[in-house]
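There are 2 protein chains.
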Amino acid sequence: MVGFTPSFEKLVEQFRLLPGVGYKSAVRMAFHVLDLPEEKARAFAEAILEAKEKIGHCKICQDISESEICPICADPARERGLICVVESSRDVLAIEKIHEFRGLFHVLGGLMNPMEGIGPEQLRIKELLARLPDGEVREVILATNPSIEGEATAMYLAKLLKPFGVKTTRLAYGLPAGAELEYADELTLCKALEGRREIE
Amino acid sequence: MVGFTPSFEKLVEQFRLLPGVGYKSAVRMAFHVLDLPEEKARAFAEAILEAKEKIGHCKICQDISESEICPICADPARERGLICVVESSRDVLAIEKIHEFRGLFHVLGGLMNPMEGIGPEQLRIKELLARLPDGEVREVILATNPSIEGEATAMYLAKLLKPFGVKTTRLAYGLPAGAELEYADELTLCKALEGRREIE
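Those protein sequence lines, which keep their order, are chains Z and R.
Letter by letter, the first sequence follows residues 1 to 200 in our numbering.
Letter by letter, the second sequence follows residues 1 to 200 in our numbering.
Bound conformation, chain Z alone (with noise of 0.2 angstroms):
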């Protein structure tokens, strides 16, 4: 016999589905339940449907969210005529890390990819341009990733949103903070000269 017990295939095999984890790594994490204390492991498995079962995405933003409308957008606060849009949750957090943003977001669950066979119909495309029409907003920034498929899905949604009569912006793009000259890609270096600024 070689191999495992059935039980314990199986959750080596679960893990293995996690994004990042090979075999080796799946039977470390199996062994590590298996050490864990009985209500440890309780715990865990309750953490996975506890979350499957109370997250949703907020009405408004469509970013994950417990309740039906997310902290920011229930915020009165917050900027309501500025909306950012974010591929995924996780940029949300990045932005609202740098303190620096005070409208809300719009996430649109992923970005056009036509080689996975991602198009605009599997993106929260109409939740974003539901929110356009009572004149509140002023400016939507499309922060999208710098790559093919964030541009491709920025351009789209510019066209969509022209016909609003709001400001359409995109993050600039030039050098990261602390690169060096010397090393920077051909592409950054030419957005960087192209986007150059004049010092008041």
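These are calculated hints, taken from the structure and not from any lab test.
On a predicted model such as this, the values are computed, not experimentally measured, just so you know.
Identical chains blur together in the list; that is why a pair holds if it fits in one copy or across any two.
In silico PhoX-like links for lysine-lysine, alpha-carbon gap of 20 angstroms or less:
hint: 1; residue 1: Lys162; residue 2: Lys126
hint: 2; residue 1: Lys126; residue 2: Lys159
hint: 3; residue 1: Lys97; residue 2: Lys24
hint: 4; residue 1: Lys10; residue 2: Lys54
Guided by the hints, dock chain R onto chain Z, whose structure is given.
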């Protein structure tokens, strides 16, 4: 607000407890769970609970097992006179994979490690000694790792086994297959020289 929802954070914390998983990986894993269809998330949670519930230790060799006696110990074709003592179930699997060993195993469940407070009483040593008195066992291979803890544990066991009059052996040290002499560490080279064998 910076941070995810409470249920999400709870799930991230659970993933962080897994070996080799940092915060960023844990967040990716938690998002993976959120993206799972309901029944797949449930299957994951259940695999954890089922593994904890069904998997115990073989009464004889202490390897993980879903039955009282594991398939290896229950196999009448295995040589009952030969016991290979290893640190963990992972080592059993490693040795089973080479399809060379036809004896039985004994899983210690760890190695002696005074720095981490692991003494002989934490290991399944008395269960090993209980297997010896009937005179069936003629050789015990101490197949703990060639590390300080592995050596110390093997030496400790060798002393304990002496009164039983069984042959006690240790896995050979030497150059690993495919190694280059030039890059071998000194200790390995010393051991390889020391354990040199006549070519017949």
